[in-house]
Structure formats: C-alpha cells, structure tokens
Amino acid sequence: MSDLLIKSADIVGRGRQDVLVRDGRVAEVGSVSAKDAEVVDADGLVLLPGLVDLHTHLREPGREDAETVLSGTRAAAKGGYTAVCAMANSYPVADTAGVVEQVAALGRAAGYADVQPIGAVSIGLEGKRLAEIGAMAQSAAQVRMFSDDGHCVHDPVLMRRALEYVKTFDGLIAQHAEEPRLTEGAQMNEGAVSAELGLPGWPSVAEEAIIARDVLLAEYTGARVHFCHVSTARSVAIIREAKARGANVTAEVCPHHLLLTDEAARSYDPVYKVNPPLRREADVAILRAALAEGVIDAVATDHAPHAPQDKECEWAAARPGMLGLETALSISVLALGGPSDVDWDVLAQRTSRTPARIAGLEAHGRDPQPGAEANFTLVDPSATWTVVPEGLASLSRNTPYAGMELPVTVQATFLRGRATVLNGKIEEEMSE
Amino acid sequence: MKHLLTTKELTREEAELILDVTEQMAEAVTGREVPKLPALRGRTVVNLFYEDSTRTRTSFETAAKRLSADVVNFAAKTSSVNKGESLRDTALTLQAMGADAVVIRHPAAGAPQRLTEWLDGAVLNAGDGTHAHPTQALLDAYTMRRRLGGIEGRTVAIVGDILHSRVARSNIWLLTKLGANVRLVGPPTLLPKDIDDWPVEIAYDLDASLKGVDAVMMLRVQHERQNAAFFPTANEYARLYGLDERRLALMPDHAIVMHPGPMNRGMEIAASVADSPRATITEQVTNGVWVRMAVLYLLLTNGESK
Chain R
1 MSDLLIKSAD IVGRGRQDVL VRDGRVAEVG SVSAKDAEVV DADGLVLLPG LVDLHTHLRE
61 PGREDAETVL SGTRAAAKGG YTAVCAMANS YPVADTAGVV EQVAALGRAA GYADVQPIGA
121 VSIGLEGKRL AEIGAMAQSA AQVRMFSDDG HCVHDPVLMR RALEYVKTFD GLIAQHAEEP
181 RLTEGAQMNE GAVSAELGLP GWPSVAEEAI IARDVLLAEY TGARVHFCHV STARSVAIIR
241 EAKARGANVT AEVCPHHLLL TDEAARSYDP VYKVNPPLRR EADVAILRAA LAEGVIDAVA
301 TDHAPHAPQD KECEWAAARP GMLGLETALS ISVLALGGPS DVDWDVLAQR TSRTPARIAG
361 LEAHGRDPQP GAEANFTLVD PSATWTVVPE GLASLSRNTP YAGMELPVTV QATFLRGRAT
421 VLNGKIEEEM SE
Chain W
1 MKHLLTTKEL TREEAELILD VTEQMAEAVT GREVPKLPAL RGRTVVNLFY EDSTRTRTSF
61 ETAAKRLSAD VVNFAAKTSS VNKGESLRDT ALTLQAMGAD AVVIRHPAAG APQRLTEWLD
121 GAVLNAGDGT HAHPTQALLD AYTMRRRLGG IEGRTVAIVG DILHSRVARS NIWLLTKLGA
181 NVRLVGPPTL LPKDIDDWPV EIAYDLDASL KGVDAVMMLR VQHERQNAAF FPTANEYARL
241 YGLDERRLAL MPDHAIVMHP GPMNRGMEIA ASVADSPRAT ITEQVTNGVW VRMAVLYLLL
301 TNGESK
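One line per chain: the protein sequences are R and W, in this order.
Letter by letter, the first sequence follows residues 1 to 432 of full-length UniProt numbering.
Letter by letter, the second sequence follows residues 1 to 306 of full-length UniProt numbering.
To be clear, the hints were calculated from the coordinates, so they are not data collected in a lab.
Don't take every hint at face value.
[Stated by the list, open to error] Computed footprint of chain W on chain R; a stretch qualifies when at least three of its residues, placed anywhere within it, have a C-beta under 8 angstroms from a C-beta of chain W: (1) 185-193; (2) 197-204; (3) 311-324.
[As the list claims (entries may be wrong)] Listed below are several chain W residues computed to face chain R (Cβ distance under 7 angstroms; list not exhaustive): (4) L87; (5) R88; (6) A109; (7) A111; (8) Q113; (9) R114; (10) T116; (11) G129; (12) T130; (13) H131; (14) P192; (15) K193; (16) D194; (17) P199; (18) I202.
[Stated by the list, open to error] Label pairs and their calculated CB-CB ranges: (19) N423/R / N302/W: 50 to 60 angstroms; (20) I123/R / E51/W: 29 to 39 angstroms; (21) I426/R / L92/W: 28 to 38 angstroms; (22) R266/R / T301/W: 50 to 60 angstroms; (23) K211/W / A282/R: 51 to 61 angstroms; (24) N302/W / D65/R: 35 to 45 angstroms; (25) A282/R / E117/W: 52 to 62 angstroms; (26) P156/R / E201/W: 33 to 43 angstroms; (27) D65/R / E117/W: 18 to 28 angstroms; (28) R266/R / K36/W: 38 to 48 angstroms.
Ideal placement from N, C-alpha and C gives every residue a C-beta, glycine not left out.
Given these sequences and hints, build the entire structure.
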C-alpha cells in the first residue's frame with residue numbers, strides 16, 4: 001500500500017495541516033511533502049477522528065432482510081464511522097462466545113469498519129440468568145460491554161450480579177432503562193400528544209426510575225454503568241447529580257432524540273416509532289445542552305434497520321427503531337450549534353473519542369499524531385445534502401429524515417489508512 | 001371532506017352541515033313505506049371490521065342500504081397485529097376491487113389514517129383503538145340538538161373511563177367546537193395525563209359535577225380495567241361514578257342521560273336510570289343510522305346530487 005498524504009485538512013477545527021499515513025498509521029503531521037504518496041486534497045475540509053458508534057443494530061445473524069454486517073458497516077463508513085458496537089439482539093442472540101466471534105469475523109471480512117460485538121447480559125435477553133459473560137470476554141471478540149438492549153435488565157438482583165461480575169475485566173453494563181411494568185403496551189411518549197392520539201403512553205418516569213436505581217447500584221458495587229439512549233430531561237438531572245458525586249456512569253443520546261419530538265406521531269407513520277420514544281420539545285433542549293456540556297458523554301445512533309413490512313403497517317403493529325448511521329454526524333452538528341458555530345473538538349469528543357474510551361477501542365478516537373492508527377473522517381462543513389431513503393447505503397429505508405436538508409457531508413473515511421469512502425462515495429471491495 | 005377520520009379535523013361548518021343533512025335524512029326516510037333513497041345507487045361501501053361490533057357495523061350497513069349502496073362486509077377477523085394479512089395488503093385488495101368507501105373499525109389507533117395512504121376511496125373511521133369514533137360523537141351531538149334544542153352554551157358531563165375512550169375524545173372535540181361546555185369526570189387513574197390544554201373542565205367528584213348539566217354521558221367501563229387496578233372494585237366504582245336515581249335527582253329536570261352502549265347495568269349506570277324517560281339510549285341508536293347516512297352521502301357525492 002502506498003503512502004497516503006491528506007493535504008491541508010483543518011485538524012479538528014484547530015487549523016490546517018497535512019497528515020502523512022504509512023502502513024495504516026500516522027507517520028507525520030505538519031507541513032509535509034511526500035513523493036509517491038497518494039494525495040487527498042482536504043482543502044476546506046475538517047478532519048475528525050473516525051466516528052465510533054456505541055449502539056448499532058446490524059441485524060446479522062437473523063434478519064439479513066433488514067441489514068447485514070456488510071451493508072450496515074458500509075452505511076457506517078458513509079456516515080463517517082470507523083468503528084461500531086454491534087448490539088446483542090440478533091437471532092440467535094449474541095449471548096455466547098460463538099455468536100460474538102461470528103459477528104466480529106463478519107465485520108473483519110466486510111472491511112468497512114471495525115465491528116466490536118456487545119454481549120447479552122442474560123441468556124436470550126430474557127432477564128433471568130446471566131449469559132456466559134466471562135466466555136464472551138475471553139473470546140476472540142474480547143467483549144467488554146454487555147447489554148440486553150431492547151429489554152431492560154429490570155431485575156435488581158440480576159443487575160447487581162452483572163455489575164459485580166464484569167468488574168473482573170473492567171467491563172461495563174449498557175442499560176436500556178425501561179421499567180417494564182410502567183411501559184406495558186406503550187406506543188409513544190406519555191403526554192399531551194399521546195392523550196390526544198389515543199396511543200398508550202410510555203411515561204418518562206419508567207426510564208428515570210431505572211436510571212436512578214442503577215446509579216445507586218453502580219455506586220454500591222463500584223462497577224461501571226452506561227445508559228443507552230437517554231431521552232428525558234429528568235434522566236439528565238439524575239446523571240448530572242450522579243457524576244457530581246463521582247459515580248462511575250456514562251450516558252449516550254441518540255440523534256433522533258436531539259431533533260425530533262412526539263409531535264411527529266400525529267402522522268401515525270411508524271417511521272417515527274422508536275424505543276425510548278420521541279419526547280417533548282423541552283426534553284430535546286435539555287438533551288442538547290447536556291450533550292454540549294458533557295453530562296451526556298456520547299452520541300450513539302441506535303441504528304435500527306427494519307424491513308418494509310415491519311413499518312408499512314399500523315403504528316401498534318410496527319417495530320420500534322430508525323436508521324441512524326448515515327445521518328448522525330449531520331444531526332450532531334445541528335444539535336451542537338450548526339456548521340458555522342459547532343465546536344469541532346466537542347463534536348469529536350462526543351462522537352469519537354469518548355465513545356471509543358467507553359467501549360475500550362484503544363486504536364479509535366485518536367487525533368492524528370505519529371504512531372496512531374489512521375482512523376479518520378473528512379467532512380465538508382459548508383456542504384448540505386438532502387436525505388433520500390433510496391440513496392442510503394443501509395438495506396432498509398426507515399429513516400425519519402426523508403426529504404430533510406441536513407448540514408455537513410462526509411467526503412472521506414479512512415480505516416487504518418484505507419479509504420472506505422472517498423469523494424463522498426463508498427469504495428467497493430474492501431475485503432482483503 | 002374526502003374522509004372522516006376524527007372530529008378534531010372537522011370545521012364547525014362541516015360539523016353543522018353533517019348535522020343538518022342528518023335531519024334531512026331522518027325527514028326524508030321517516031314514514032316512508034320503502035325507507036330507501038337512491039342517492040348512492042351503484043356505489044360500493046365496504047365494512048372492514050377488525051373488532052366485533054355488531055351494533056356499529058349493522059348501523060353502517062343499514063345506513064348504506066337505505067341510500068341504495070351495495071354493501072360488502074369484509075370479514076377481517078385478524079389484523080397484522082395478530083399476524084394475519086397486513087392492513088396494507090387488505091387495502092390494496094379493496095382498492096383493486098374498486099371500493100368507493102371503506103368503513104373501518106380497528107383496535108390500533110391511527111389505522112384509518114394509514115388506510116388513506118393506500119386507498120383512493122373515502123375512509124370512514126368507525127372507531128380506532130382509543131383514538132376516535134367520529135360518527136358516535138356526531139350522533140350524540142344530533143341527539144342533544146334534538147332533545148336540548150341546540151348545543152351552543154349547553155353543559156355536558158362525560159363520566160368514567162376517559163383514558164380508554166374514543167367516544168369521549170371524539171365528543172370533546174366536536175362538542176366544544178359546537179360551543180358546548182364539557183366536563184370530564186372520573187378517577188385520576190382513568191383520565192389521560194397532561195390534558196391541561198384541553199378545552200374542558202376536569203373533576204373527580206361526580207355529585208358536584210352534575211349540578212347545572214344539560215346532558216350527562218356515561219361511558220362503558222371495561223371489566224379488564226378492574227384487573228389492571230385502575231380502581232379497586234366494581235362496587236366502589238359504581239358507588240363513586242355510577243349514575244343512580246339519587247344522582248339523577250341532582251341533575252336539572254330537563255337534563256338527559258346518554259350512553260354509547262353497550263351498557264353495564266349496575267356498574268356505570270343503574271338499570272332504572274337506563275330505562276327512565278330521560279335516557280336517550282335507544283334514540284341514540286336510531287339517530288346513528290341517520291348520521292351515518294348523512295356522512296356516507298356527503299363523502300360519496302360531495303353533497304352534489306340530492
């Protein structure tokens with residue numbers, strides 16, 4: 001592989017420099033001239049450490065009609081990601097060493113992004129008995145993060161045991177905070193809109209009650225908890241207090257919770273059905289402020305592809321979830337002030353460095369410095385694009401942003417120095 | 001009007017037009033030897049009922065037949081919620097058969113609105129989940145108009161399980177649009193959360209709420225609500241929120257008692273109250289046919305050929 005020279009990129013908003021990449025790693029940063037290097041002109045582009053997603057549903061194995069590891073990681077690369085954490089709710093569930101190793105191997109074979117499997121906390125996500133967490137940790141997939149996402153680990157005893165158990169290898173539990181009794185039959189945020197639409201409400205307290213409990217369990221056990229898709233203002237307040245006390249907790253927010261509200265449900269179009277549900281305008285404002293401030297540590301997509309028949313139906317019959325990988329960067333920029341006011345360092349922190357540290361992906365979330373793996377994305381801060389579902393790299397079409405014009409385009413993504421996206425287009429044939 | 005999905009989307013003028021045409025339908029048919037009008041001859045009305053409701057289905061069927069429409073009852077025992085044929089596929093089938101109007105009753109809120117995306121014909125919502133039941137509200141309004149001489153300025157108490165009631169929701173929007181004062185009365189467990197912005201009064205005490213009403217509308221309480229602990233026992237519910245003779249006496253003499261049916265006698269309404277001359281329950285059923293004739297007529301002819 002020849003050397004790669006990224007010319008005059010604005011390095012995370014700090015000023016223009018050249019980056020020379022050799023054998024997948026950064027060789028030199030500064031004013032660089034190199035003969036025989038493949039040159040990428042990054043004039044006018046911002047270089048970010050490659051984005052890292054803590055929360056991706058790749059659907060393989062089991063629902064390859066909705067997404068595969070290949071199609072999902074192509075979507076990730078298109079969105080500027082160099083690493084994704086694959087959630088455990090596949091079929092079969094990723095609750096054994098065999099399944100997590102398979103997912104990791106599929107990721108390597110695809111070659112578009114590093115795929116770090118997340119293991120299930122409980123066997124079959126049933127919330128009854130612990131899955132073989134140790135075996136998954138010791139497997140080739142080296143799982144560190146465990147989650148029953150889609151389901152809450154609601155049994156307090158199971159949660160306590162899981163938290164204690166993962167301490168042996170500095171693992172963490174990513175909690176889908178949803179008190180199940182308070183959300184039986186729930187279809188959307190409980191509030192003025194649900195009252196009018198006659199859709200059973202998902203009360204914010206169902207999330208907040210579990211977050212409050214798990215903050216206390218994390219403090220009591222001294223273990224790490226990560227809160228998935230935090231969606232309410234009061235959840236933010238609980239996490240803020242917990243961090244002030246020094247509790248070992250982190251939290252993510254999804255792009256859709258930073259932009260959309262429960263008003264969207266008035267269409268009864270299930271493309272807006274998601275779990276946790278879209279909340280109120282006031283929640284969106286607080287989540288944005290908490291992300292800027294760092295109370296919320298990371299943006300995570302909860303990329304949830306669904307086959308057409310699972311969305312082209314009645315609201316109550318539809319599966320929850322929406323696409324996210326290809327739109328997350330744009331919406332994160334919007335939520336952090338828009339393309340002209342965004343602090344690129346904060347953006348890099350929330351979308352790349354911090355999620356990489358949470359997931360334990362040491363080679364990701366690194367700014368260019370000699371010796372670091374060359375995992376970068378180049379974005380055009382002055383460009384805009386319109387979301388066309390048919391034009392997305394994902395196999396599925398369930399984006400809630402169809403027709404919306406969004407800021408910032410991904411011009412190139414590099415995984416260990418190889419372009420997965422170049423000139424805004426996905427490179428074909430990444431597998432080695 | 002292309003469809004009738006909710007009363008919220010109706011303008012006051014449209015609502016009053018429907019009620020006026022309802023009166024014309026009643027006058028045109030009442031007393032005739034053959035109670036039929038030719039207005040919808042050659043048109044096909046499909047009844048698509050995903051919930052058992054002999055009352056509402058029969059009412060729509062009667063209304064369509066009195067307008068000389070062809071009526072097809074599409075047996076839809078299961079919905080995609082229950083893994084049957086998807087609503088979209090059913091819609092495409094009805095579309096291919098050339099249905100001019102589809103009357104849909106469905107357990108999922110919003111199903112009629114989804115249907116409009118897949119069908120060219122008119123969609124009439126005959127009840128969707130806990131969302132809306134516009135023809136029920138229209139027949140209630142028509143009944144009040146007949147019995148009370150009008151709706152503007154009248155006070156209506158809607159009592160019971162507001163949370164799960166599509167009848168309550170549709171009446172709230174329609175009656176307030178027509179100028180009525182609406183009181184919602186029930187235990188807090190059966191009232192939706194965050195409804196401070198609704199144009200209604202909210203009360204927990206039935207006795208106090210009956211003073212000065214012109215109509216009281218008792219809602220059916222589903223037995224399964226008791227198992228889900230919305231209230232302790234049927235007896236306690238009847239004591240606190242049931243309309244008995246003592247409470248009837250608290251109402252002004254001219255005030256009427258309404259119920260969308262089917263009733264739980266002894267639960268939300270005492271048998272003697274249900275059978276009293278102040279109850280309009282069977283009258284509501286009769287008016288339901290006129291209202292549905294009016295709506296079918298207006299949707300399928302745009303009010304052109306009278």
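Which of the listed hints are not met by the structure? The structure breaks hints 10, 17, 18, 22, 23 and 25; every other hint is satisfied.
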